[in-house]
Amino acid sequence: EEQLLESGGGLVQPGGSLRLSCAASGFTFIDYAMNWVRQAPGKGLEWVSSISGSGGRTYYADSVKGRFTISRDNSKSMLYLQMNNLRADDTAVFYCVKGVHPAANYLDVWGQGTLVTVSS
Amino acid sequence: DIQMTQSPSSLSASVGDRVTITCRASQAITNGLAWYQQKPGKAPKLLVFAASRLKSGVPSRFSGSGSGTDYTLTISSLQPEDFATYYCQQYYTTPVITFGGGTKVEIK
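Going down the list, the protein sequences come from chains A and B. Yeah, the first sequence ends on 120 if you go by the numbering used here, and it's all consecutive. Yeah, the second sequence ends on 108 if you go by the numbering used here, and it's all consecutive.
Check each hint, because a few of them may be wrong.
[As the list claims (entries may be wrong)] Simulated crosslink set (DSS-like; lysine-lysine; CA at most 25 Å straight-line):
1) K104/B / K42/B
2) K108/B / K43/A
3) K65/A / K108/B
4) K108/B / K45/B
5) K43/A / K104/B
6) K65/A / K39/B
7) K39/B / K108/B
8) K42/B / K43/A
Hints were generated in silico from the structure; no laboratory data involved. Just so we're clear, the structure is a prediction, and the values are computed from it rather than from any experiment.
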């Protein structure tokens, strides 16, 4: 069974940093692009970032560009999101999500999510 | 960037009703559209991809259609377990993707 398990969420002060991790299992990790999608409390879904299977190409939403960095360790089947200079409007549940195909980034496997709260 | 506009933002319906949710893209997306279902406190689940292809295991009462900029998700006979929030997502600009604002389906 394909599974994703996020960790690393928590409470952080504005301007602070946090690193999210996602452990993948049940599929050949290097074969798939991976994504981070977030959902602010009571709001809709927002794509945050994507990374190619090899890790050589990364993409970001304008709202996080320059502050967040996506990376992966294919030897460990791990996905990461380094978040710096966090703001109150970054408060959200962050989901680690598997893309179906490099040419068709719809999302077939989701983690359970990890909550990031940015507050003083 | 492609904007996705869903309507309505919420609706009330009864068990057995036929429900239609609409998603409009700000430009043509050539059927690069997926639909997801999300229940409170849970991660979204993929229902439909390529505008009209049902993911394996999804009940046949769900169907997707559309072309160009306009797409619909239809539930032919609403069941109790279908009360949830539904999102469309365009992947025409893969890997950069965009979600619609969501449609909450509530019990009348």
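A quick look at each hint next to the structure:
Between K104/B and K42/B the alpha-carbon distance is near 14 Å, which keeps this suggested pair within the 25 Å criterion. As the CA atoms of K108/B and K43/A are separated by approximately 22 Å, the hinted pair is consistent with the 25 Å bound. Restraint check for K65/A and K108/B: the C-alpha separation of about 42 Å exceeds 25 Å, so the hint is violated. As the CA atoms of K108/B and K45/B are separated by approximately 24 Å, the hinted pair is consistent with the 25 Å bound.
Under the criterion of a C-alpha separation no larger than 25 Å, the hint pairing K43/A with K104/B is consistent with the structure, at around 11 Å. For a cut-off of 25 Å, the pair hint linking K65/A to K39/B is broken: about 30 Å separates their Cα positions. With a C-alpha separation of about 17 Å, the suggested pairing of K39/B with K108/B holds against the 25 Å cut-off. For the hint linking K42/B to K43/A, the alpha-carbon distance of about 14 Å falls within 25 Å, and the restraint holds.
The structure is inconsistent with the numbered hints 3, 6, although it conforms to all the rest.
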